[in-house]
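Peer 1: The residues making up each chain are set out below.
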Amino acid sequence: MGDKILVGTRKGLLILARDGGEWRIDSAHFEAIPVVYAMHDRRTGTLWASLDHGHWGGKLQRSHDGGASWQEVEAPKYPEGAKCPPDFTTPATTSYIWIIEPGGADEPNRLYVGTEPGGLFVSGDGGDSFQLNESLWNDPGNSQWFGGGRDYPGICAIQIDPRDSRRITVGISVGGVYVSEDGGKSWQVRNRGLYADYLPEHDAEVGQDPHIVLASPSNPDVLWQQNHCGIFRSSDAGRQWQDISDPEGPAGFGFALALDAQDENVAWVAPAVSAEYRVPVERALVICRSEDGGQSWQSLRKGLPQQHCYDLVFRHGLDAQGDSLAFGTTAGNFYVSDDRGDSWRCLVNNLAVVYSVRYM
Amino acid sequence: MAQVKFTPNLRRYFPDLCDCAVEAATVADIISAVNQRWTGLGDYIIDERGCLRKHVNIFVGDQLLKDKVALSDSVAAETRVIIVQALSGG
Numbered sequence: 217m218g219d220k221i222l223v224g225t226r227k228g229l230l231i232l233a234r235d236g237g238e239w240r241i242d243s244a245h246f247e248a249i250p251v252v253y254a255m256h257d258r259r260t261g262t263l264w265a266s267l268d269h270g271h272w273g274g275k276l277q278r279s280h281d282g283g284a285s286w287q288e289v290e291a292p293k294y295p296e297g298a299k300c301p302p303d304f305t306t307p308a309t310t311s312y313i314w315i316i317e318p319g320g321a322d323e324p325n326r327l328y329v330g331t332e333p334g335g336l337f338v339s340g341d342g343g344d345s346f347q348l349n350e351s352l353w354n355d356p357g358n359s360q361w362f363g364g365g366r367d368y369p370g371i372c373a374i375q376i377d378p379r380d381s382r383r384i385t386v387g388i389s390v391g392g393v394y395v396s397e398d399g400g401k402s403w404q405v406r407n408r409g410l411y412a413d414y415l416p417e418h419d420a421e422v423g424q425d426p427h428i429v430l431a432s433p434s435n436p437d438v439l440w441q442q443n444h445c446g447i448f449r450s451s452d453a454g455r456q457w458q459d460i461s462d463p464e465g466p467a468g469f470g471f472a473l474a475l476d477a478q479d480e481n482v483a484w485v486a487p488a489v490s491a492e493y494r495v496p497v498e499r500a501l502v503i504c505r506s507e508d509g510g511q512s513w514q515s516l517r518k519g520l521p522q523q524h525c526y527d528l529v530f531r532h533g534l535d536a537q538g539d540s541l542a543f544g545t546t547a548g549n550f551y552v553s554d555d556r557g558d559s560w561r562c563l564v565n566n567l568a569v570v571y572s573v574r575y576m
Numbered sequence: 147m148a149q150v151k152f153t154p155n156l157r158r159y160f161p162d163l164c165d166c167a168v169e170a171a172t173v174a175d176i177i178s179a180v181n182q183r184w185t186g187l188g189d190y191i192i193d194e195r196g197c198l199r200k201h202v203n204i205f206v207g208d209q210l211l212k213d214k215v216a217l218s219d220s221v222a223a224e225t226r227v228i229i230v231q232a233l234s235g236g
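First to last, the sequence lines map onto chains A and E. The first sequence begins at 217 in this note's numbering and counts up one residue at a time. The second sequence begins at 147 in this note's numbering and counts up one residue at a time.
Only chain A is shown next, with the shape it has when bound in the complex (with noise of 0.2 Å):
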């Protein structure tokens, strides 16, 4: 689709455009909704977006036609008995739709939403229908996921290895790092090299937090993650999680993340100061590039607010394209780069709170 950008805001979804110059708002959708997120199926051209009505319900919305119109699908339900982790005394229902990921390419029709109380929903007719994954849902480790800042554990992240659409990774936050290799029919917890300082046992199987877990695109046994306790990657496809936080520098708690999708030891973050805090590190915006795998990170600032700043950064708000990067904060800023970060501008101010940011 070229220069695009899906916006999410708590007041609705933002379509920038670059038609050879300035990224634009080019439409608005969803006035006053919050759009917990929103992508591009490049298998098929169509638009998804997540909506949480503050008093309706969180809902799933796709077009067909690029956003000049949007259908509502039935949103994904949780089968009647099931109760929410950790404790399973209250019943599930969908409280909270924060990710949509398209299958691979060779199943057009597979959709994966990942969901609050932590259920896996997958849909096998390009969303018409959906089916909460029960082999995940009923991991024996359930009883350790539990909810991070909200009520419940919660699916951020689904991954689809571009080599075999049968290996599928999700992370539950908070509960860790799961990966299928079957389909989702069986799933492994690999979270070995996390730790979690918020557990009496920091290395505990299960209750790890990555705020949000990416596959290289390039080599899809490269997994990064944004965790709740610093930064990890893996190169043998999450079996085991070397710590690369900057022990001197900012890059080290956060939410976002984003990879070069030609580079598997490119990769940037969003840093914040630690959990209790959540501003920006000394109220300064940055964004940290790491080009060797994590063993190094460069604070990229030109262009950023310096001083007095508490932009924060959410876990899908961050993406890149090429050489673009685009990230947009909890103040309602939005940043953009066109040399990988060396340099940004503000692109709009005075938005609503971003929730995601995705290229088309």
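Hints listed in this document are in silico derivations from the structure and should not be mistaken for laboratory results. All values reported here derive from a predicted model rather than from experimental measurement. The beta carbon of each residue, even a glycine, is placed where N, CA and C say it ideally should be. Possibly wrong hints are sitting among the right ones.
As the list claims (entries may be wrong) - Derived CB-CB ranges, DEER-like: (1) A284/A x T153/E: 26 to 34 Å; (2) D303/A x S220/E: 30 to 38 Å; (3) Y159/E x D341/A: 22 to 30 Å; (4) G207/E x E323/A: 46 to 54 Å; (5) R561/A x D208/E: 52 to 60 Å; (6) F160/E x P463/A: 52 to 60 Å; (7) Y159/E x A284/A: 41 to 49 Å; (8) G207/E x C562/A: 35 to 43 Å; (9) G519/A x N181/E: 46 to 54 Å; (10) Y159/E x G465/A: 46 to 54 Å; (11) P463/A x N181/E: 52 to 60 Å; (12) G340/A x P161/E: 48 to 56 Å.
We have chain A already, so just place chain E on it with the hints.
Peer 2: For chain E alone, coordinates are given in the frame of chain A:
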């Protein structure tokens, strides 16, 4: 027949929504009936367990709905039932 009224805000999602008369013994019956007429409307009012959504109110006559879990409040003939959003959010 219960006389059912909706907040005008729901017309954004169901443009042909209008006041209606429904044969119903309980509020749950009303939701079922209006969902038949406006497909998907029920999901805006109740969750998949049939519980009233947290930020939705239903008045039965001039009383707030009592049973928000099963919506079992009885509805007498000609009772006015009003479905509105709660005063919350921002």
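Peer 1: Please go over all the hints and tell whether each is borne out by the structure.
Peer 2: Tested hints:
{"no.": "1", "hint": "A284/A x T153/E: 26 to 34 Å", "in the structure": "28 Å, holds"}
{"no.": "2", "hint": "D303/A x S220/E: 30 to 38 Å", "in the structure": "33 Å, holds"}
{"no.": "3", "hint": "Y159/E x D341/A: 22 to 30 Å", "in the structure": "23 Å, holds"}
{"no.": "4", "hint": "G207/E x E323/A: 46 to 54 Å", "in the structure": "53 Å, holds"}
{"no.": "5", "hint": "R561/A x D208/E: 52 to 60 Å", "in the structure": "57 Å, holds"}
{"no.": "6", "hint": "F160/E x P463/A: 52 to 60 Å", "in the structure": "56 Å, holds"}
{"no.": "7", "hint": "Y159/E x A284/A: 41 to 49 Å", "in the structure": "18 Å, violated"}
{"no.": "8", "hint": "G207/E x C562/A: 35 to 43 Å", "in the structure": "54 Å, violated"}
{"no.": "9", "hint": "G519/A x N181/E: 46 to 54 Å", "in the structure": "51 Å, holds"}
{"no.": "10", "hint": "Y159/E x G465/A: 46 to 54 Å", "in the structure": "47 Å, holds"}
{"no.": "11", "hint": "P463/A x N181/E: 52 to 60 Å", "in the structure": "57 Å, holds"}
{"no.": "12", "hint": "G340/A x P161/E: 48 to 56 Å", "in the structure": "31 Å, violated"}
Going down the numbered hints, you'll see the structure goes against 7, 8 and 12, while the others check out.
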